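Chains as they are written, first to last, in this note's numbering: chain U, 1 to 242; chain C, 1 to 242; chain Z, 1 to 242; chain V, 1 to 242.
In case anyone wonders, no lab produced these hints; they're calculated from the structure. The structure presented is a predicted model; accordingly, all values stated were derived computationally and were not measured. One or more of the hints may lead you astray.
Which copy? The list can't say, so a pair holds if one copy fits it or any two copies do.
[As the list claims (entries may be wrong)] Calculated lysine-lysine pairs in the DSSO-like style (CA-CA distance at most 30 Å, straight line):
# : residue 1 : residue 2
1 : Lys-80    : Lys-117
2 : Lys-219   : Lys-80
3 : Lys-236   : Lys-80
4 : Lys-117   : Lys-157
5 : Lys-117   : Lys-219
6 : Lys-157   : Lys-236
7 : Lys-236   : Lys-166
8 : Lys-117   : Lys-48
9 : Lys-166   : Lys-48
Number of protein chains: 4
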Amino acid sequence: MATSSSAVPPPAAELVEELVIGNRILFQQNVVDAFGHISVRHDKDPTKYLMSRHLAPGLVTADDIVAFDLDSVPVHDISKRYYSERFIHGEIYRARPEVVAVVHCHAPQLIPFGATKAMLRPIYHMSGFLGTGVPVFEIREAGGMTDMLIRTPMLGKALARALGDKQIILMRGHGATMVGTSIKQAVYRSIYAALNAALQMDALRLGEPTFLAAEEAAKAAESNDGALERPWALWKRQAMSE
Amino acid sequence: MATSSSAVPPPAAELVEELVIGNRILFQQNVVDAFGHISVRHDKDPTKYLMSRHLAPGLVTADDIVAFDLDSVPVHDISKRYYSERFIHGEIYRARPEVVAVVHCHAPQLIPFGATKAMLRPIYHMSGFLGTGVPVFEIREAGGMTDMLIRTPMLGKALARALGDKQIILMRGHGATMVGTSIKQAVYRSIYAALNAALQMDALRLGEPTFLAAEEAAKAAESNDGALERPWALWKRQAMSE
Amino acid sequence: MATSSSAVPPPAAELVEELVIGNRILFQQNVVDAFGHISVRHDKDPTKYLMSRHLAPGLVTADDIVAFDLDSVPVHDISKRYYSERFIHGEIYRARPEVVAVVHCHAPQLIPFGATKAMLRPIYHMSGFLGTGVPVFEIREAGGMTDMLIRTPMLGKALARALGDKQIILMRGHGATMVGTSIKQAVYRSIYAALNAALQMDALRLGEPTFLAAEEAAKAAESNDGALERPWALWKRQAMSE
Amino acid sequence: MATSSSAVPPPAAELVEELVIGNRILFQQNVVDAFGHISVRHDKDPTKYLMSRHLAPGLVTADDIVAFDLDSVPVHDISKRYYSERFIHGEIYRARPEVVAVVHCHAPQLIPFGATKAMLRPIYHMSGFLGTGVPVFEIREAGGMTDMLIRTPMLGKALARALGDKQIILMRGHGATMVGTSIKQAVYRSIYAALNAALQMDALRLGEPTFLAAEEAAKAAESNDGALERPWALWKRQAMSE
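The task is simple: from the sequences and hints, build the whole structure.
Set out below in structure tokens:
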């Protein structure tokens, strides 16, 4: 974190460190490549969030983390370059008070579901969080002919509206956005949404899959939320030893 | 192994070491990710088995190995967290006296077969052990609407019953469980069951595959059982040098 | 660069270094294996271009970079072995004055599109540059029965003609060639053309994909051109630390 | 090589070293896993060939290389364990005097073609050597119900007969065998046969592929044979630095 003279208190060092690790894990697990980003709500001020400056997630360090307000304006330093799609984060934090972390990615396995009518559904218990439904955002409805990016508060609001109370939204011709009540949960959901997509594509070629029932999915999601430390410990070791 | 004052004698250090290596191999070969587990029957007491505490297999060391009885109660220390699905292991050891090792995994290639009507069959000699048939466990029949996990002795018994005298069982919406008469055999079967699944999916898209006949499969399985040291030496070097 | 006594001035060391990095990135990102090549137009003389001698791109160093004229004759040293397909580069530089870098590769994901009637189209914003169309070069029309390689100025001219004003051309039974106004842009296009091909194959199996509209593709391509430094920094670190 | 007092002269150290490198490359390039083998005809005695003892190719060193006669009997030391399928090698060397190297593998991409009626055909110039046809060996015709392995001279002779004058043969439910006039050529053919299979599977899902015409394939194969040093240098560096 760059030092600051503003009224916004600095976030806990542990939170910044966890956000850095989240960036690295998303890269090491192939959820993001040079593009995509992860943010976390500020622990001292819920009207702010923390995210890296314009940088590939695999290269992010604590010094790159910046605070933004919910309009996605950097709090301290407007001289650097920031992710042009930071409005995804700000508008979701505004619309969903319980959300603590947001991931935006172009995970390859998710793109085909966003581009077709196929619905992403939970094929196994690891992705029970998909069971409440996965909407698809069509940017043409909100913005007409664009470069596909969420470059404005208006587009960010439209995306947040399309997300509603769900945990993940696919974005046609672009990628996906996932939320969570912690960095660990949002990272978990990103990794297993992508893996579920790959497994579902394979299963669809084999026959008619039996997906998890809504009740199975809800129970599985709750169970998995109780075991987030286990994969995090492994992912962290893999990501930080590179 | 944690030291102990109970009546259960400590297992051979070599067995614990082999179990640790088995954990690492399953991770390095992508059979397990942060989830899944491998156990071995206790060499001094067939009514006990050894398995890691609640930990990603890729992180397991000898100090993490714990003894359980066939009710899957830890023998020495009930204060730690253990795998919630340890009943898979205990109930299979109870039902199958000849079984010495059990692997439970969510190998991605196996999920599509568990979720559809497609039958996993031996497409080449490396997976002859599939030739006696691969049942699919539907947890709804045993437990109704669950979180998909084998969390109770009752579900463990139902799984063991569905496994019958087979070497592997797929679990709908969840994963798979393999058994063997040694750690090496159970690990071998895990790796080649997953690989066979991938090859079979490819072959099914090319045309009607000729699978191994039952007699071919049985003979191939016997031959492979005589060559387990060869892949183990390679996998061990790959897994332990990470 | 080998030293030289000819009239062609030496290129900037930074350009040679960037070309070396481009070689390594293309290998590390699986765009090329031992075959394929990347060139850049000479910064001091637009009638010359720079490329490695006959060597796998993953092994190229600054000492291997050689200058060629637009007839693809090496300027200084005709004693070494050079890529037999260097005419791809020379003839495209001759036909397209604005082109500064050329990549030729056999990226596995692109071969199926070159061998069938399926058209490569932009499935997401990262590959907006595909939106102006991707022609397929049929060497039989230009050269009859060949070894498929662009071994002559005549074949190079035919390829350049088929490329026209596009950014990429597929070559039936062979590979693909991409151009850019910088090394970074040509490398970017190579990586995302291959990734788009993989995603499109997956999407086609799921249903009828919605591809980017021409206007979306054009706008996305322009946006991406403004963010080339971000992936380059990551790819460079990955490629040069091997 | 173990020292010897027999009448068979020791092979050139360079040949043994090249064979070791060939073993490691086949492993590093995923043509073989713990199973599969590569041999070379003895440079001092064409009625002998060199191959590792029973060991995963990725672990082979010069000390593991042993000489066999064409009956596949080890020349010096019958006390060790050898590959049970060494008759593949001995019988092909007997039947094909021009063959200098033989690879046997279970490359995953090739298994689906051996198990179905789909014919492996050259989809691009890198695999022109496939253009003369790829027979499939059905071991049931030669040996009835077996463990699928070429365990006897009789089965080895049947395989060599089925191979005929071709460069590669698929083995139903088992794997493939490739030959070459050098270690480098046999390794090249192994790697690109597997890659071609993957590309062909993708192309078949996209539409009706245009394969290389026989004349194109023959010319491409000849061209590639003139460039074997280029990939070998890269593969060697990758394999020997592990």
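Now the hints, each set against the structure:
1. Lys-80 to Lys-117: neither (39 Å within a copy, 46 Å between copies)
2. Lys-219 to Lys-80: between (44 Å within a copy, 24 Å between copies)
3. Lys-236 to Lys-80: For Lys-236 and Lys-80, both the intra-copy (28 Å) and inter-copy (22 Å) Cα distances are at most 30 Å.
4. Lys-117 to Lys-157: For Lys-117 and Lys-157, the Cα distance is within 30 Å only inside one copy (24 Å; across copies 41 Å).
5. Lys-117 to Lys-219: both (27 Å within a copy, 24 Å between copies)
6. Lys-157 to Lys-236: Neither: 33 Å inside a chain and 36 Å across chains, both beyond 30 Å.
7. Lys-236 to Lys-166: within (27 Å within a copy, 37 Å between copies)
8. Lys-117 to Lys-48: neither (36 Å within a copy, 50 Å between copies)
9. Lys-166 to Lys-48: within (22 Å within a copy, 45 Å between copies)
Against the hints set out earlier in the document, violations occur for numbers 1, 6, 8.
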